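S.K.: For reference, the chains in residue letters:
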Amino acid sequence: MVSNEKDPRRITAVLAVLVAVVALAFGLAACGGGDDGGGIEGGGGDTAAEEVKLEGKPSGDVTISNWPLYIDEETVADFEKAAGVKVKYIEDVNANEEFFAKMRPLLEQGESGGRSLFVVTDWMVAKMKELGYLQKFDKSGLPNFEKNLVDNLREPSYDPNREYSAPWQSGMTGIIVRKDLAPDVKSICDLFDPQYKGKVEMLNELRDTVPLVMKCLGIDPEGADEADWIKAIDKIKAAADSGQIRRFTGNDYAADLTSGNAVAVIGWSGDAVQLQADNPDIEWRMPTEGCILWSDNMVIPVGAPNPTAAEAWIDYVYEPKNQAQIEAYVNYVSPVKDVKEVLLKEEPEVAKNQLIFPSSSFTAKCSIQPSPSSEEEQNLNRAFNAVLNG
Amino acid sequence: MRRRVVPYFLLGPGAAWLLLFFVVPLYYMGKLSLESGVVGALEFDWNWGNYSDALQLYDAQFVRSFIYAGVATLAALLLGYPLAYAIAFKAGRWRNLLLFAVVAPFFTTYLIRTLAWETILSDQSPVVSVLDLLGLAPEGRALATGGAVIAGLTYNFLPFMVLPIYASLERIDVRLIEAGKDLYASATQTFFRVTLPLSAPGVVAGTLLTFIPASGDYVNAQFLGSAGNQMIGNVIQSLYLKQSDYPAAAALSFVLMALILILVLVYIRFAGSEALMGEEAV
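Line by line, the protein sequences are chains A and B. Residues in the first sequence are numbered consecutively from 1, following this note's numbering. Residues in the second sequence are numbered consecutively from 1, following this note's numbering.
It is possible that part of the hints are untrue.
[As the list claims (entries may be wrong)] Here are the simulated DSS-like cross-link-like pairs (lysine-lysine), alpha carbons at most 30 angstroms apart as the crow flies:
id, chain 1, residue 1, chain 2, residue 2
1, A, Lys129, A, Lys57
2, A, Lys365, A, Lys147
3, A, Lys88, A, Lys139
4, A, Lys88, A, Lys337
5, A, Lys340, A, Lys352
6, A, Lys235, B, Lys242
7, A, Lys235, A, Lys179
8, B, Lys242, A, Lys231
9, A, Lys102, A, Lys86
10, A, Lys139, A, Lys53
11, A, Lys81, A, Lys340
12, A, Lys102, B, Lys242
13, A, Lys88, A, Lys102
14, A, Lys147, A, Lys340
15, A, Lys186, A, Lys365
16, B, Lys242, A, Lys237
17, B, Lys242, A, Lys197
18, B, Lys242, A, Lys129
19, A, Lys88, B, Lys242
20, B, Lys242, A, Lys136
21, A, Lys337, A, Lys147
For the record, the hints were derived by calculation from the structure and aren't laboratory data. Please read these numbers as outputs of a predicted model, since none were measured by experiment.
Sequences are here, hints too, so could you generate the full structure?
M.R.: Structural data, given as structure tokens:
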């Protein structure tokens, strides 16, 4: 480096450039704001939804997007052989909101980034359907789905005829404890017991954590209004401020449970099956108030290449024998009829597990995962994230 | 004629890069930060309210971010300067090995290194028992506290402090230090009157390279902190990815950028301009 004299002109020049850049940015913004509405337009206006057009026998390539560790290792290869289709299976859905943020600009243009099918949770299906991002199924390509979908998932409020979404797996949100360190935690209300101060964790998901806390307050989440949500959020905030709640997590609560950093958490049933198998001290507890029930669903987005093969995939996994193979690996709740019967012969352990094949008495007090309306959503998100980010 | 063209030609690729990956995104972000409405139906309407909201709703997280980043920068300086000094003057033939050791953590990704601290500071770990004995772990834990976040920041940005300081120390002409001693200055006096001023450019560069990214960091707070320890980066991440409130996230990013710029300008004005542009060459 060559020696420089201290030169105020340089600083001035740098500042001038910065000012120019900012001015340019806003100047351009002003022009852009004119007629194109900022380049982002509402997709909700498209009332005529796109429909899947089947083209004979499935063939060619198909890209399927799913959550990580949500399938066994053989099903994809088996499907390729059975259907004569080449599958690119990618695990790039980590969180509904994040996936939505990533996909929205594409879907807005009527494109799916090469994906023929992806998997998102109930409330996200509702949102995408409302925005016109999903294709309507051609049910003539889905005989197994029509026949084998379990009865209690046939008429969800967001898709009453199941024309846009097919459940991939369902699950329960409840409590997971270290039974050696927190033997007495049996209800959501017990999570607020000062005895466990600093050892409790809750999910950083609005629609899992808040409805469960509502149940502790005696509010029915399925009929809750905005004030009810806020009441539960306030309770969570008080617990976070007092240090009762150690932190809010995604499924990294698993590490804290294993190490004993946390002794009782709000968690998901499928994780619990896996954790119980690895560590006999970890146990799922169905909260005395009941659990939250949810499903992740396969959807075919607008602009999806090869929807014929995507429907073939949906129908393939709705064959009980094929579904049993997935189920034995992922351990969530299957949306397909007669899977239990198949597994009773092959893997009776799995078939008898209440977390994988819950009886109706086991889930009697559980609620379907509620979703606030889009007007309420923004306020509730803000309130809940204010707790998360203290 | 040729002499006038060549510099612009050399400037070209860098300028194009900046234009494409800094100015253009900045323009879109600026525009986004003045829009209102919900995703899918955003409208550009000069909504300056995003900016006042950003400052009003998240002032606590701003203050916290700058305190955490400031403390981490100071800690990195106190740890990093002696280390760089030792490597530059005392390490002898171990110098390259030690330098490699400073850079070695970069061979693992940032995320994994931070997650490793979850294990190191886990409640049952020996580290925490020692801290507890010393009274440094209130409630018997180190994880999920502000201290853990600061420790993580310090650890993750330490090499950015050490390397520039090392570079400026290493270039010091030892004859100047000898001259100081010849003029009857004690070792301490020589250090404060000769070595430290000559290494000031490294210190300024190191503190900036630590403070700026640490202020916007969110990984450390997410994994090592609790709800009360989240930084402004966590708020921006949550606004963008969880709440889909893009305008608020963009406005907050601009405010963060502006505040850092102001802090840095003030810092350079009072502490650093001499060091940055001063008597560097001999």
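S.K.: Each hint needs a verdict: does it hold in this structure or not?
M.R.: Here is what the structure says about each hint:
1. A:Lys129 to A:Lys57: The given pair, whose Cα atoms are some 27 angstroms apart, holds under the 30 angstroms limit.
2. A:Lys365 to A:Lys147: Given that 30 angstroms is the threshold and the Cα spacing comes to 28 angstroms, the pair holds.
3. A:Lys88 to A:Lys139: Distance of about 24 angstroms is within 30 angstroms: holds.
4. A:Lys88 to A:Lys337: Satisfied, since the Cα-Cα distance of roughly 27 angstroms is no more than 30 angstroms.
5. A:Lys340 to A:Lys352: holds (8 angstroms)
6. A:Lys235 to B:Lys242: Judged against 30 angstroms, a Cα distance of about 21 angstroms means the pair holds.
7. A:Lys235 to A:Lys179: It holds: about 25 angstroms lies between the C-alpha atoms, which stays within 30 angstroms.
8. B:Lys242 to A:Lys231: Given pair Lys242 of chain B, Lys231 of chain A holds - Cα atoms ~21 angstroms apart, limit 30 angstroms.
9. A:Lys102 to A:Lys86: holds (25 angstroms)
10. A:Lys139 to A:Lys53: It holds: about 11 angstroms lies between the C-alpha atoms, which stays within 30 angstroms.
11. A:Lys81 to A:Lys340: Cα-Cα ~25 angstroms, so holds.
12. A:Lys102 to B:Lys242: At roughly 12 angstroms apart (the allowed maximum being 30 angstroms), Lys242 of chain B and Lys102 of chain A satisfy the hint.
13. A:Lys88 to A:Lys102: Holds, at about 19 angstroms.
14. A:Lys147 to A:Lys340: holds (16 angstroms)
15. A:Lys186 to A:Lys365: holds (14 angstroms)
16. B:Lys242 to A:Lys237: holds (18 angstroms)
17. B:Lys242 to A:Lys197: With a Cα-Cα distance of about 27 angstroms, the restraint between Lys242 of chain B and Lys197 of chain A holds, given a limit of 30 angstroms.
18. B:Lys242 to A:Lys129: Between Lys242 of chain B and Lys129 of chain A the Cα gap is close to 19 angstroms, so the pair holds against 30 angstroms.
19. A:Lys88 to B:Lys242: holds (28 angstroms)
20. B:Lys242 to A:Lys136: holds (27 angstroms)
21. A:Lys337 to A:Lys147: holds (9 angstroms)
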